[in-house]
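Chains A and B supply the protein sequences, listed in that same order. Convert by adding 5 to the 1-based position in the first sequence; the result is the number in the numbering used here. Convert by adding 5 to the 1-based position in the second sequence; the result is the number in the numbering used here.
These aren't lab readings, by the way, just hints derived from the structure by calculation. Take every hint as true, because none was put in to throw you off.
Quick partial rundown of chain A residues pointing at chain B, CB under 10 Å, derived from the structure:
#: 1; residue: T125
#: 2; residue: S177
#: 3; residue: S221
#: 4; residue: Y225
Glycine included, C-beta positions come from ideal geometry on N, C-alpha and C.
Protein chains: 2
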Amino acid sequence: MTTPHPLDDTIALQWQPDGTATGRYPDHYWNMIGPFGGATAALMLNAVVSHPARLGEPISLTVNYAGPVAPGPFTVVARAVRTNRSTQHWFVELQHPAADGGEPSVSTTATVVTASRRPTWGASDAPMPAVADADAVPRARRPVQVPWLDRYEFRPIHGDIPATWDGSGEHSLSQLWMRDDPPRPLDFCGLAALCDVFFPRVWLRRAHRVPAGTVSMTVYFHADGRLLRTCGTDCVLGEARAQAFRHGFFDQSGLLWNRQGMLLASTHQIVYYKE
Amino acid sequence: MTTPHPLDDTIALQWQPDGTATGRYPDHYWNMIGPFGGATAALMLNAVVSHPARLGEPISLTVNYAGPVAPGPFTVVARAVRTNRSTQHWFVELQHPAADGGEPSVSTTATVVTASRRPTWGASDAPMPAVADADAVPRARRPVQVPWLDRYEFRPIHGDIPATWDGSGEHSLSQLWMRDDPPRPLDFCGLAALCDVFFPRVWLRRAHRVPAGTVSMTVYFHADGRLLRTCGTDCVLGEARAQAFRHGFFDQSGLLWNRQGMLLASTHQIVYYKE
Numbered sequence: 006m007t008t009p010h011p012l013d014d015t016i017a018l019q020w021q022p023d024g025t026a027t028g029r030y031p032d033h034y035w036n037m038i039g040p041f042g043g044a045t046a047a048l049m050l051n052a053v054v055s056h057p058a059r060l061g062e063p064i065s066l067t068v069n070y071a072g073p074v075a076p077g078p079f080t081v082v083a084r085a086v087r088t089n090r091s092t093q094h095w096f097v098e099l100q101h102p103a104a105d106g107g108e109p110s111v112s113t114t115a116t117v118v119t120a121s122r123r124p125t126w127g128a129s130d131a132p133m134p135a136v137a138d139a140d141a142v143p144r145a146r147r148p149v150q151v152p153w154l155d156r157y158e159f160r161p162i163h164g165d166i167p168a169t170w171d172g173s174g175e176h177s178l179s180q181l182w183m184r185d186d187p188p189r190p191l192d193f194c195g196l197a198a199l200c201d202v203f204f205p206r207v208w209l210r211r212a213h214r215v216p217a218g219t220v221s222m223t224v225y226f227h228a229d230g231r232l233l234r235t236c237g238t239d240c241v242l243g244e245a246r247a248q249a250f251r252h253g254f255f256d257q258s259g260l261l262w263n264r265q266g267m268l269l270a271s272t273h274q275i276v277y278y279k280e
Numbered sequence: 006m007t008t009p010h011p012l013d014d015t016i017a018l019q020w021q022p023d024g025t026a027t028g029r030y031p032d033h034y035w036n037m038i039g040p041f042g043g044a045t046a047a048l049m050l051n052a053v054v055s056h057p058a059r060l061g062e063p064i065s066l067t068v069n070y071a072g073p074v075a076p077g078p079f080t081v082v083a084r085a086v087r088t089n090r091s092t093q094h095w096f097v098e099l100q101h102p103a104a105d106g107g108e109p110s111v112s113t114t115a116t117v118v119t120a121s122r123r124p125t126w127g128a129s130d131a132p133m134p135a136v137a138d139a140d141a142v143p144r145a146r147r148p149v150q151v152p153w154l155d156r157y158e159f160r161p162i163h164g165d166i167p168a169t170w171d172g173s174g175e176h177s178l179s180q181l182w183m184r185d186d187p188p189r190p191l192d193f194c195g196l197a198a199l200c201d202v203f204f205p206r207v208w209l210r211r212a213h214r215v216p217a218g219t220v221s222m223t224v225y226f227h228a229d230g231r232l233l234r235t236c237g238t239d240c241v242l243g244e245a246r247a248q249a250f251r252h253g254f255f256d257q258s259g260l261l262w263n264r265q266g267m268l269l270a271s272t273h274q275i276v277y278y279k280e
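Let the sequences and hints guide you as you build the complete structure.
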């Protein structure tokens with residue numbers, strides 16, 4: 006018996022006769038007070054990707070982080086709200102049993118669009134920035150404070166997490182090569198998780214560490230399954246920046262390319278921050 | 006009795022004893038084969054904003070256009086999936102009665118996050134571009150093909166809809182001043198609708214008109230209600246561009262500023278296109 010990859014272990018679902026799926030959060034991707042949001046995004050997407058009624062491939066994913074994800078058992082309810090000829094719309098809820106046996110609480114919701122893709126005219130207006138090759142960028146080695154940081158290989162090029170929190174920040178742009186550790190062949194769930202690895206832009210912009218957490222994240226998949234399979238376990242280039250910080254919330258936009266410069270996904274999130 | 010603004014007439018809801026709301030689509034915002042998607046976004050948001058249990062102001066809105074919106078009566082079901090101390094997470098469905106009396110069909114879903122906002126450190130890293138003032142830019146006067154185009158005043162600065170469809174397109178950037186016609190004081194619903202006024206980027210990028218339609222749109226509100234009230238009926242500057250076109254889908258990102266240069270919203274969408 007082979008040991009599953011930590012991400013596959015985290016997003017594994019047991020389908021039940023009533024059409025729901027159950028699972029249990031292991032601690033591979035634990036963050037400070039709950040799991041890394043990207044692992045939860047992968048879990049929500051997996052409830053659709055692995056659903057017996059799913060048609061087509063993911064086009065769009067929005068994950069809303071509504072409350073803390075409790076450790077232990079959970080139920081995922083994925084419902085095809087509408088199925089068209091070539092697109093399908095899903096609503097997904099992550100539910101946790103109540104300690105007192107009452108109504109389960111919902112920690113996370115998601116909407117997913119899947120579709121059959123066809124060859125069309127195409128163009129990319131978001132070229133990969135000219136950066137050093139992944140092999141030429143040293144891997145960041147920092148004292149691991151939380152388990153999920155150990156689940157990724159980060160090779161920061163620009164805008165790494167500040168070394169000193171001295172309030173000297175001037176921009177919010179980060180560029181880095183990244184991949185799963187241990188390596189894992191890229192797929193839609195792995196890509197969704199990668200879209201959330203960027204540390205909060207407010208930390209970089211201020212060089213000041215404040216409590217922050219993603220409230221809602223959207224991923225648009227430009228890659229289809231065929232392109233993802235060609236990526237294998239190779240590094241992906243990620244870039245993220247913020248646009249506005251105001252009254253406790255900022256937005257953050259990111260792009261992810263494969264090593265050959267093909268845009269794989271664009272991603273956006275709105276993030277809560279304190280102070 | 007005063008006549009309501011066409012947008013208010015479109016998003017008007019009658020709350021029912023069972024907690025759902027009913028309405029009826031007038032034709033003020035009709036597009037070619039259904040209503041303008043921005044009007045539907047405003048309707049979905051209004052089901053939360055006007056909900057008796059709503060706490061706080063909108064932070065995030067994702068609208069999924071799952072199927073055609075039928076003319077005539079509809080029901081909106083808005084459910085607070087989770088209510089926290091300072092945030093609330095909503096799921097909204099737009100339902101249309103079946104002709105045969107069977108199960109209603111769902112044309113649109115949405116998730117909304119509302120929150121209490123607090124003063125914090127802030128910064129804007131998306132400054133308004135230097136453009137001509139709204140008064141100096143002539144209003145676009147084109148033969149109106151569909152009713153919704155008459156519901157807005159557009160003053161295009163850059164990247165207007167191509168005058169000739171000759172395949173000469175080179176970029177996807179549009180900048181324009183815009184506001185409701187007749188004028189309407191800006192609020193969250195009006196702003197959500199404005200986020201969808203940009204014509205499909207694929208038309209500009211190719212100077213070639215192909216069938217296209219929004220599949221999912223997300224709006225992050227940087228403005229709070231107080232800032233929106235100061236905008237009144239003044240013009241808003243909008244900017245939109247695409248990032249990648251591939252296999253029948255492209256993504257489009259937009260920013261909206263008030264005349265004083267304050268960022269009001271950032272918005273993203275994934276759009277289906279043919280050919």
